[in-house]
Amino acid sequence: MLIRRVSILALLFFASNLHAELQIEINQGLDNPTPIAVVPFGWQGLGAAPEDVAQIIDSDLVRSGQFAPVSRRDMLSYPTREAEMYFRDWRAISAEYVLIGQVTLGTQIRIDFQLFDTTRQMAIDSGTVTGPVTELRMLSHRVSDAVYERLTGISGAFATRLLYVSVMRNPNAKDFYRLTLADSDGQRPIVLLEGRDPILSPTWSPDGQEVAYVSFETSRPAIYRQNLRTGAREQLTNFQGLNNSPAWSPDGNTMALVLSKDGNPDIYLLNLTTRALTRLTRHFAIDTEPTWMPDGKSLLFTSDRGGRPQIYRYDLRTKKIKRITFEGAFNARARVAQDGRNVALVHQRDGRYHIAVLDLVTDRLTVLTETSLDESPSIAPNGSVVLYATKRGQDSILAAVAVDGGVRFSLPAREGSVQEPAWSPYVTP
Amino acid sequence: MIKPTLYAKWISLVFAAFVLAACSSNDTKEAEAEVAATAAEEQAAQEAAAQEAEQQAQVKAQQGREAAAANVGTVFYFEFDSSSLTEDARAQVDAHIQALLGNNDSVRLEGHTDERGTREYNLALGERRANAVRDYMVANGLPSYRVETISYGEENPVAYGSGETNWQQNRRVELK
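Line order of the protein sequences matches chains A and B. When you line the first sequence up against numbering that gives the first Met the number 0, it's residues 0 to 428, in that order. When you line the second sequence up against numbering that gives the first Met the number 0, it's residues 0 to 175, in that order.
Chain A with its partners taken away, still in its complex shape (with noise of 0.2 Å):
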């Protein structure tokens, strides 16, 4: 019903931006992918199906660069239900799984799955999604998540949303903001803001229903909450001076953010149901970019209190403040995985911003992209994968690199600069 809703508002108000913005180009898979054969789905309804089922599934699982799909054209048949199974005739073309199933047409829209084997020769997981006809796509790359779980045993993140801030340049005069959400692979976007003030630091809340940003429409920076069900729109804070890096507690209470309007920038607290701000840090230097660790009990930020910007922790409980990261100088805007492990950052070395991982338990950094200006990581919510910006020429661009370095792609626009990418948390279908 969430995404239903959502889907209507698209359609009413911005039918001509239905059109995927984002390109996918896989960059770098494993060496050893595991060659999978997704099978033209069956269709039982009226017409033509709406989605090509096993399209979307094959494209979700090349992304992952895990899984090499088998063309089309090589298989000799195309089962959709187990009787039609042949397991020589997958066993000839080399595919170690088979993916088959059927979209049934009711009230609802319905996909039966199941997934074989050929090495085993047995059906090794089955199962069923129900939804709107109008998230076939999305229920698909929930049958992804499913298959993705079941050979890699790391839940999948395909049935997620991505959010992210689109620019068109314009050298005679002001720029073009918009800020956009769309399905994990980039289709389906839909705006949600658009204009020629800034829009920055788009964030999820923790339950994936609502997200917060940046907006300078009214010529000054304000915190912004936006429902992605209702569509309404609140600001949140007006304050001189700067309002930004808004980040939702776990719990969603409470939201963090950066304020200046007692002289220099400061990380605060806003009791989303009180109003009551609450400041954190007191301290000449910058100190922003706060984000949550998992359990909400301590917050990272970044701050130039050592004389250059570091990663620092707040301890909500005792009040204190801990510097932990030490390797290079600039090192800034933490995302924490769901595990509370991994933090993604940016990391400064030569001269040039790469993505990198700290994990806290070895206090071991390391550096995952090449690229000279890549900045605003995001965390898939199953830890696996980091989204972030950086440059092609003048534009920039989405890129994404497995935490363990083994995959990478992009996520080009058709058109323009994209930045800021927001990967959304799960949320129960």
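Some clues are possibly wrong.
Cut-off 30 Å, straight-line C-alpha distance, at most; resulting in silico cross-link-like pairs (BS3-like, lysine-lysine) [claimed, not checked]:
1. A:LYS296 with A:LYS318
2. B:LYS175 with A:LYS260
3. B:LYS175 with A:LYS173
4. A:LYS260 with A:LYS319
5. A:LYS173 with A:LYS260
6. A:LYS319 with A:LYS173
Hint data in this document are derived by calculation from the structure and do not stem from the laboratory.
Based on the hints, put chain B in the right spot on chain A.
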């Protein structure tokens, strides 16, 4: 014995003399008043002229200061990761302070950075630059209520490409 006609003549003479004397005495006073009035007028006119000249000179001087301010431009550039006014920027801001002390204009200082580093940190850095210009203006006599600061960080670049030639154009405070 004086003849009555002669006597009458004398009387008329004396009377005439008196009248003449009276008349001549009146004329002198009026002339004196006239002279005094003319002098005052002249003085006032001179003062007014002087004042006007002075005002004109002041207007001209203010116009000169404003022209000088316009001449140095409204964009002040900064070094990488620095919010200190360079010598050039200081000279520019000085010209604007001189112009602003002679009028009642309010100004908006917009801080900007280059694209390196993170966006939110750059917002803070842009604010630091705008504040540095504001503090310098206030220290030199401009009332703080006439100066508003705002930071755009790395948004709204002037030059879109990468590399120092583009970056140095973007590290700036714009006076508006």
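Tell me, in ascending order, the numbers of any earlier hints that this structure violates.
-> Number 6 - this is the single hint that the structure violates.
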